[in-house]
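S.K.: Listed below, chain by chain, are the residues.
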Amino acid sequence: MPLLSRRTGVISTLAILAMIAAACSSSPKSPSVSSSNSGTGTSSVSSAGGGSSGPTSSASSTSSAQSSSLTPEQLANVNASGSPVTGGTLKIVGNADVDHLDTVGGYYTTTYTLERAFTRQLFANPASTDPAKAISVVPDVATDLPTKANGGLSADGKTYTIHLRPDVMWNTSPARPVTAQDFVLGFKRLCNPTQNSVGAPGYYEGVIVGMTEYCDAFAKVKPDVADFKTFMTTHDISGIKAVDNSTIQFTLVNPASDFPNILTLPFGSAAPVEYLNYLPDSAEFRQHTISDGPYYIASYTAGQSYTLKPNPAWKQSSDPIRHQYLSEIDVTLGPDEAAVQQQIAAGTADMEWDTTVPTADVPQLKATKDPRMGIYANYDTNPFEIFNLQSPNNGGALSKAAVRQALEYAVDKTAIGKIYGGPNLNTPLNQVIPPGNVGYKEFNLYQTPNDAGDPAKCKSLLAAAGYPNGLTLKDPYRTSGKHPDVYQSIQADFAKCGVKVEGFPVKASDFYGKYLSDPKAAKQGAWDIAEPGWVPDWYGNNARAVMEPLFDGRHYGPGSTDWGDYNNDTVNKDIDTALTSTDPAEVDKAMHEADMQVMKDAAFIPFQTQSTPLFHSSRVHNAIELPSSINYDITNVWLSGS
Amino acid sequence: MLRFLIRRTLTGLLVIWLISVVVFAIFFIAPPNVAFLLLGKFQASNQQLVEQVTAQLGLNKPIPVQYWDFLVRLLHGNLGYSYYSHEAVTTLIGRALPVTASLAIGAAVIWVVSGVLIGVLSATHPRSIRDRLATLFALTGLSFPTFVLGLILLFFLFYKLHLAGIDWFPGSGYIPLTQDPWQWFLHLILPWVTLAVASMAVYVRLARGQMLEVLGDDYIRTARAKGLSETRVTFRHALRAALVPIVTQFGIDVATLLGGAIVTEQVFGLNGLGALSVSSVVNQDEPVIIAIVLLAAVFVVVANILVDILYAVLDPRVRLE
Amino acid sequence: MCGVFILFLVLVAVFADPLSHLIGWGPTQQDRATGTTADGLPVGPGRIHLLGADQLGRDVLVRLIYGARVSLVVGVSAAVAAVLIGVIIGLCAGFLGPAVDSVLARLMDVVLAFPFLLFAIALVTVVGPSEPLEIAVIAFFSWAAVGRIVRGQTLAIREREYVEAARSLGAGNLRIMVVDVLPNLIAPVLVYVTLLIPISIVFEATLSFLGVGIIPPTPSWGNMLDDAQQGGLYQVAWWFLTFPAAALVLTTLAFNLLGDSVRDALDPRTERLFAK
Amino acid sequence: MPLLEVRDLTVSFHTTDGLVQAVRGVSFDVEKGHTLGVVGESGSGKTVCTQTLIGLTPGADVSGRALFDGQDLLRMSSAELRKVRGARIAAIFQDPLSSLHPLYTVGWQIVEMIRAHRHIARSAARARAIELLDMVGIPQAASRVDDYPHQFSGGMRQRAMIAMALALDPDLIIADEPTTALDATVQAQVIELMMKLQAEFDTALIIITHDMGVIAETADEVMVMYAGKAVEKADRRTLFYFPHHPYTKGLLESIPGSTAAGEKLRPIPGQPPSLISIPTGCAFHPRCQYVMDRCISEVPPLFDIAGGHTSACFLPTQILGLGEDVDRERASAAAVGRAENGAAARLAARATEEIETSGVHLPDAGALAGAGMSDRSRDPGTSQNSPDDAGTQQ
Amino acid sequence: MTALPHGTSPAAAATAAAAAAPASTDDDDALLTLDDVVKHFPIRRGVVIKSEVGQVRAVDGVSLTVRRGETLGLVGETGCGKSTLARCMTRLYPLTSGRITFDGRDISRLSPRAMRPYRRQMQMIFQDPYGSLNPHRRIGSIIGDPFAIHGVADGPERKRKVQELMELVGLNPEHFNRFPSDFSGGQRQRIGVARALALRPKLIVCDEPVSALDVSIQAQIINLLQTLQSELGLTYVFIAHDLSVVEHVSDRVAVMYLGKIVEIAERAALYGTPRHPYTAALLSAASVADPDRAAVRQRIVLHGDVPSPIDPPSGCRFHPRCPKAQEICSRVQPDLVPVLADLPTHVTACHFPMADGEKLGTAPVEPADDRPPGTGVW
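Protein chains in written order, with the working numbering: chain X, 556 to 1197; chain L, 5 to 325; chain V, 492 to 767; chain R, 383 to 776; chain E, 345 to 722.
No lab work stands behind these hints, which were simulated from the structure alone. Source: prediction; values computed, not measured. Every residue, glycine too, gets a C-beta built ideally from N, C-alpha and C. Keep in mind that a hint or two might mislead.
Said to hold, decoys possible - From the derived model, a few chain X residues whose C-beta atoms are all more than 12 Å from chain V:
| no. | residue |
| --- | --- |
| 1 | Ala635 |
| 2 | Gly642 |
| 3 | Asp722 |
| 4 | Asn832 |
| 5 | Gln896 |
| 6 | Pro913 |
| 7 | Val917 |
| 8 | Pro926 |
| 9 | Pro947 |
| 10 | Lys955 |
| 11 | Thr1034 |
| 12 | His1110 |
| 13 | Pro1113 |
| 14 | Asp1131 |
What the hints assert, rightly or not - Okay, derived cross-link-like pairs now, EDC-like style, lysine to aspartate or glutamate, Cα gap no bigger than 16 Å in a straight line:
| no. | chain 1 | residue 1 | chain 2 | residue 2 |
| --- | --- | --- | --- | --- |
| 15 | X | Lys1029 | X | Glu1057 |
| 16 | X | Lys1051 | X | Asp1009 |
| 17 | X | Lys775 | L | Asp222 |
| 18 | R | Lys414 | R | Asp602 |
| 19 | R | Lys465 | R | Asp451 |
| 20 | X | Lys1051 | V | Asp522 |
| 21 | X | Lys777 | L | Glu55 |
| 22 | L | Lys65 | L | Glu55 |
| 23 | E | Lys505 | E | Glu518 |
| 24 | X | Lys921 | V | Asp530 |
| 25 | R | Lys646 | E | Glu702 |
| 26 | R | Lys578 | R | Asp516 |
| 27 | X | Lys1128 | X | Glu1141 |
| 28 | R | Lys578 | R | Asp551 |
| 29 | E | Lys703 | E | Asp686 |
| 30 | R | Lys465 | L | Glu234 |
| 31 | X | Lys1155 | X | Asp1131 |
| 32 | R | Lys465 | R | Asp602 |
| 33 | X | Lys996 | X | Glu1148 |
| 34 | E | Lys668 | E | Asp636 |
Please put together the full structure from these sequences, using the hints given.
M.R.: This is the structure in structure tokens:
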């Protein structure tokens, strides 16, 4: 039941070993990553109010603050004053290249930023300064959102029939329309058995009828162009049908209220037949991308630069969410965070690529209310403490809820917040589900003064649980970015509670592979606690992207992200409800219930949700942040004179 | 000469082969969990896919077999493909090489020219103020770890100047020479200095020591007795003789530049071989690591052979056999 | 002068515990109230933290003091280990004839041809960092340089008439190596040790800086500098860069000066120990 | 007027161990076309003395006068001196292998010498170099001109040095131990060549050597140096057959196979002094058999013995020559000289005692007289003064 | 063509031995006998497997006898092989071929271990008074080395013995704890002598013991060596390039040229009536510290240099430089044989030995254009 996650492609300033950070953050499931990635203040988060998949935002109703007003920084940052101007070259500067340019594998937020310009999906998140809208689902190539009312969704909730806009064109010569068959091919390509298909099929296998079978069959194909081509042209996914050139039909195994959400991911992009001539994301592929968006990749030098030009085949009338204001977009790679910041501040560049404002610069920029900076909620929970419930260490102490509950009091969340830049960039979190995700509702079962921890209470509870002499816990931590700081902070906190934390540094690949996701390691007590993080792959209606992967214990096994082997019938039932129910309120309620249950069982210590500080030059107008890429939407930006 | 080349090439190949064995041995100690890194947490639970990817990469075979496959591929001039970018390792290295070459060559020019010059000037006036200053400079330079120097230069010459509104030195990044020579130069000044200082210090000492020794030699007395000018004695006679060991040392230093380049490239955000090597180490991108380690070893071996040849060119007494 | 500094350093390292007690902060003690600002930025030098605090609110001075411990322990033990190995192997290579020599010399070639920093990172990444491993890695990549020089000197000493004299008296290889060759190596070996110590200290700091050295929260100067550069923190917290950097530079400088004067005193002929 | 007139030349160096008084007031003349032999043991200052003249002792404190063709070499600017060096005063050194630059061809080095002083074309200079090499007896000079020094044999190297010295037809050649590094047969060749060329070009020559044999064959006048001073000067025959100074006498008697030596050699006891701590009075007094009281406190001036023969010794000027009889004369004169004084007597007694303790088994007391003394001249830096040494050396 | 590979033919050697030095092993008089001793240093080249491409024929078939109690002088110019021969005699070098008999026993193939007892009986004194003493050891320990190595004496006894030795050679025994650098060249050479004497050897091979010393000091050491010889009944092999020193100390003198002995004779005979042209030339070239004698003597100036021992001339090795050389000299290697039947102790290896009073002219041949030895890579 895989989900996917992405990397927020942020790289720490001057990161010696910038690449270490990169590697760590690229570790599959999300976020936990980058050191300078940070959360915004409460205000922005509360305003976000949680997105939802449907037109109605059920999540927002549960959020503690309903206000949709934006903070001054965010408003100022958009720079929407004046009317759009066409022309100009947008200069983007960043550090490293995308993970994959092909939508079958592209998984970094940076990749999403770029893909927004030259790929299109059936549905999409609109660019909006209203956080709720920004995570809502709107039609992109599709003409409408399918509902039972408009006949797009069958009565049993299992069949989606989607009509395509007629005038969406590929920039082939001659230009030709994007067809339903192109979308079908896009889904077929997801199953390719090269390692370039990162996490993609997971969201579709088991959801769309026949997808699993298709992928299994595809897996046996020899990985070369001809065999792939033959396979894809001769085999079909039974649950995806091109009814005609402009109609596509999906049949699902079970009703899935979040299916439109899933279709907003770039994995669901249309693919022109030309792509059959290349292995997915091969070097040749990268030189021959074909665009149906407002821009196309005119030149690309791996690791060094991109040049994007306006796509002549693209029509504004065909695209409800994108624009084509710019005459060119140049991406230059290499400089690190500090240099990027300097260049944009100096006006020689306009926008960040994979970096953010250096954490240390934020307070000053914020103090001077610099209009070029904006701080945006990530809707993540990052990092947090996870317990290995199976650990035999300390006499299996961690399997006891009372012990874990005691430890919930130990953590000084303010201190961890400071590591990530303090209240400007993150907000303490006391439940599993962060804002912007379905089921979010603020509550706190383990209150401590100022969220700063209560060692005394922890100690007494621990003693009451039968461990007056404390515990000794093994804590694998990654060596990049802020991970060591977080580990050290936890170590200091737990020490005050009489718990000795023995940390040991591990490779990024081992952190999950050898420890968190390896049931054998868990059973042997190779680790007791760990501090991973989680960035949902989409927001709003996303039980499939938060609660299910983290706490559905029914699928526990190698590679599971229910790292601690938490398994609770109540939670499992709630997850099933949330995945299948078409009633947003019911989904929201089920998720909140699950959240309460997990927190009661203290399977998890939430720390905070983060925000990201972004920066652009003063030439940049209409800079609207997309939560999915944690960057400005380049298809909406326009530049003022010069 | 030819015999010499053949012999040295063969022993060099032996060294390189041993190194490749050692590199493989490391992976033998702790085989990388590449499939996991590649597939991500969720896909990694898909055992079938893991096995598939592992098999694709040939990682399911015993290490000795993998090593054999590697050797066979190597003999076909194929260094393999990165696990991550899927680009040919040669492409990756080809892309990173100009950066490192720019960095290394520039730094080498700086350190050799200034190091030798300072060393010579200090040796011609031993125990003078300038000699003492040169020695102090040399020892101080020697004591600055590359990364500390890099950070300090960045802090003062980039950050502080930047705050003061002066942007003489870009903080980081690399502009290809072909794209904009001036920017290329500007972007590399601080890295060059960073990489050069420690070695420069060494060359000051080396040149000084060699010059002092040579200046005490009988043929320098002969040169003076011939009525030659002091400049000619210093440069034409003394430096010429002192140059032989300096050149030898230079060959060794150039060969081991990669170590310094790793740190410098990290500090200044240059995407050269150093950065590539570190990222591949962290990612356990075995084909890339092996290629870089071998490339570095080849470089050392070739540099050593070149040094020997140069030695013979510089010193007619040496015959290569 | 440099001797005084080194002595001071040793004393500081030895008495780190009472010193930190005196200063009032532990090496891993996080002063969250006054050590960092609300935004998580470290607080500069002042009454509470004489040399400022780090990103977790720990006292920079106290951490510097404990860092000296790591630097000295790693630096000295790695240098001594490297020199011991180097001397033994160099002595054998130089003395025991061409067969032994060609094997050992090739071994040294191999070690010297390694891109050692890269290899060290790879090794530590694979095996997992620890202080003994760090010492071993540094020693492993340093001994060959010493070995090569010792070998050269042994080859020269072997041809000296007093070695011939010993042979003519009937002395065996072992006796000649120990009684006649070794004492001649004491001076250069002493020089190598003093010069290798700063090199090892820098090596240690570099590994820690690259995140593959001493495990946090144990303070080492390299760790501190690594912390300082994370997120460009040093740009707003100069003390965080300056003090560990100064400690590192002054220490290596002191050892270099010491090595230099030891060399001047014992071995006027300069010989390169290291390429880098 | 002599070609070179050196007066009261004093050279000293400051070293970390103290002031090295290498040359202490030496005066001599060299006539045009004549050969002056300078003889002395290591550390006697003979090399420093001549190298100072042509400015090859940088860092030295120099005083005195050295008129070369009327100009004072010691007062010349370095540029003026450079014009003299090589062109008018050439030099030949002891070890021809180390004295030639190993990395340049022999021809290149000669050409460089010529072109440093004469503005002539490279080709002309090269032709001249070949001619010179041919003249000094290098076979196939035209091809050997492009050889490197290491491709020459020892004798050929020294010939090349001689060719280089002669290149600009100098007025004076300073040859510093020109044959010491050579084998006997080669030495004979080289000396022969030098003498022949000197006669041919009428060049003045200063030959510095420790080998009395070389002196006997080459020098017109001889100057004997000891501890930085000229102790005796005379023409060749006078010096060999009628030496006055006990040091000269000792030197001659030490040579195996010399006329003076019988079956048993008669070495000078003790060791030459360190130039840092030169004994008071006559520097030779601690080793002198005929030491008198005044020798310890008073520096003997150069006494005129007879026309051009001078000697720095208080012994009566009429006591000249070698042999038993002369020795007895010297001994009795010395006995008179120290008659009433204790110091010299005590010294003598000490010397005897030393001989007796260390030389019991050995009849030849003289050979062992200096056994207990430590010699500082070789290693000034490492010398450790022992009480014994202080005692014997006063 | 007729010459055997290693010089002297067996028959000739036998003749020579019978005549010059009565058969070795059963002759009480002979302390050390060398029989056709050869020492070649291989020159190896090769890519991987080194093959021998040539040899430096440092010692190329030397036979001689050292009699008890005598001093055998060995003279020759640089590179003639005399030092190599000294090291062969003392078995510091393994022999390429030939036989060495010491005190009646064949020691030419003994292993280092088996050699040890003989080392007590034969010692060396080296040329360089600086290089032959380990600068880092105290002289007491240096002189005590022989005792330590052979386990002869320990502790206070060793110290006493060392101090006795120091006295014997004229050193102050109180200087026991000093380092070699505290001593002058002459004194260091005394230390070397003391070390050589420690085990009361029968034979001392002196390799240029005084050539590094100043004249006045040289005389001291020569006197010391002579005194010790007469007191302790030592046998010396005395190697030097200085003919007058050798003349002074030796009973018999052997002259070496390019790895071979060209002449052996009693001192007076050799210096008075040299039979080999090379000996004559060498003697005539020696400088004489006597202006009148120097003026009248006739010097035979040899042209050219000593050829390389890697590729020595055919036949008589001296022929390219010999004023008397004839055609046969370049073909046939002469044997070392007595010149006059009535003087069996004077042997020379020459086809045309010099007659009494014969004067040599200058060399008829052009100077040889030989490269000097030692420039190759070996």
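S.K.: Now tell me, hint by hint, if it's right for this structure.
M.R.: Comparing the hints with the structure gives:
No Cβ of chain V approaches the Cβ of alanine 635 of chain X within 12 Å, the least distance being about 28 Å, so the stated non-interface status holds. Non-interface call for glycine 642 of chain X relative to chain V: holds, since the shortest CB-CB distance, roughly 35 Å, exceeds 12 Å. The claim that aspartate 722 of chain X is not at the interface with chain V holds, since no C-beta of that chain comes within 12 Å of its own (minimum 47 Å). Separation of asparagine 832 of chain X from chain V is adequate, the least Cβ-Cβ distance of about 38 Å exceeding the 12 Å criterion.
Residue-level check failed: glutamine 896 of chain X sits 8 Å from the nearest beta carbon of chain V, not beyond 12 Å. A beta-carbon of chain V is positioned within 12 Å of the beta-carbon of proline 913 of chain X; the least distance is around 4 Å. Residue placement check: valine 917 of chain X does not keep its beta carbon more than 12 Å from all beta carbons of chain V (closest about 7 Å). Every CB of chain V is more than 12 Å from the CB of proline 926 of chain X (nearest about 20 Å), matching its label as outside the interface.
Against chain V, the non-interface label of proline 947 of chain X holds: every CB pair exceeds 12 Å, the least being about 22 Å. A cut-off of 12 Å between C-beta atoms confirms that lysine 955 of chain X is not in contact with chain V; the least separation is 28 Å. Not every beta carbon of chain V lies more than 12 Å from that of threonine 1034 of chain X, the smallest distance being close to 4 Å; the non-interface claim is violated. With a closest Cβ-Cβ approach of about 31 Å to chain V, histidine 1110 of chain X is found to remain outside the 12 Å limit, as its non-interface label requires.
The claim that proline 1113 of chain X is not at the interface with chain V holds, since no C-beta of that chain comes within 12 Å of its own (minimum 22 Å). Its beta-carbon lying about 41 Å from the closest one in chain V, aspartate 1131 of chain X satisfies the requirement of being farther than 12 Å from that chain. At most 16 Å may separate the alpha-carbon atoms for a hinted pair to count; lysine 1029 of chain X and glutamate 1057 of chain X meet this at roughly 5 Å. Using a Cα cut-off of 16 Å, the hinted pair lysine 1051 of chain X and aspartate 1009 of chain X holds, with the two alpha carbons roughly 9 Å apart.
Restraint check: the Cα-Cα separation between lysine 775 of chain X and aspartate 222 of chain L comes to about 80 Å, which exceeds 16 Å; the hinted pair is violated. For a cut-off of 16 Å, the pair hint linking lysine 414 of chain R to aspartate 602 of chain R stands: about 12 Å separates their Cα positions. With a C-alpha separation of about 14 Å, the suggested pair lysine 465 of chain R and aspartate 451 of chain R falls inside the 16 Å cut-off, and the hint holds. With a CA separation close to 13 Å, the supplied pair lysine 1051 of chain X and aspartate 522 of chain V stays within the 16 Å bound.
Taking the CA atoms of lysine 777 of chain X and glutamate 55 of chain L, the gap is about 15 Å. The hint holds against a cut of 16 Å. Restraint check: the Cα-Cα separation between lysine 65 of chain L and glutamate 55 of chain L comes to about 11 Å, which is no more than 16 Å; the hinted pair holds. For the proposed pair lysine 505 of chain E and glutamate 518 of chain E, the alpha carbon gap of about 13 Å is at most 16 Å, so the pair holds. For the hint linking lysine 921 of chain X to aspartate 530 of chain V, the alpha-carbon distance of about 11 Å falls within 16 Å, and the restraint holds.
For the given pair, lysine 646 of chain R sits about 31 Å from glutamate 702 of chain E by alpha-carbon distance, which is inconsistent with the 16 Å threshold. Among the hinted pairs, lysine 578 of chain R with aspartate 516 of chain R is consistent with the structure: their alpha-carbon atoms are about 14 Å apart, no more than 16 Å. At most 16 Å may separate the alpha-carbon atoms for a hinted pair to count; lysine 1128 of chain X and glutamate 1141 of chain X meet this at roughly 12 Å. Taking the CA atoms of lysine 578 of chain R and aspartate 551 of chain R, the gap is about 14 Å. The hint holds against a cut of 16 Å.
Between lysine 703 of chain E and aspartate 686 of chain E the alpha-carbon distance is near 23 Å, which puts this suggested pair outside the 16 Å criterion. Between lysine 465 of chain R and glutamate 234 of chain L the CA atoms are separated by roughly 13 Å; this keeps the pair inside 16 Å, and the hint holds. As the CA atoms of lysine 1155 of chain X and aspartate 1131 of chain X are separated by approximately 20 Å, the hinted pair breaks the 16 Å bound. Only pairs whose Cα atoms come within 16 Å are accepted, and lysine 465 of chain R paired with aspartate 602 of chain R is rejected, the gap being roughly 28 Å.
Between lysine 996 of chain X and glutamate 1148 of chain X, the direct Cα distance comes to roughly 10 Å. Compliance with the 16 Å bound is thereby established for this hinted pair. Proposed proximity of lysine 668 of chain E and aspartate 636 of chain E is contradicted: the alpha carbons are some 29 Å apart, above 16 Å.
The earlier numbered hints that this structure contradicts are 5, 6, 7, 11, 17, 25, 29, 31, 32 and 34.
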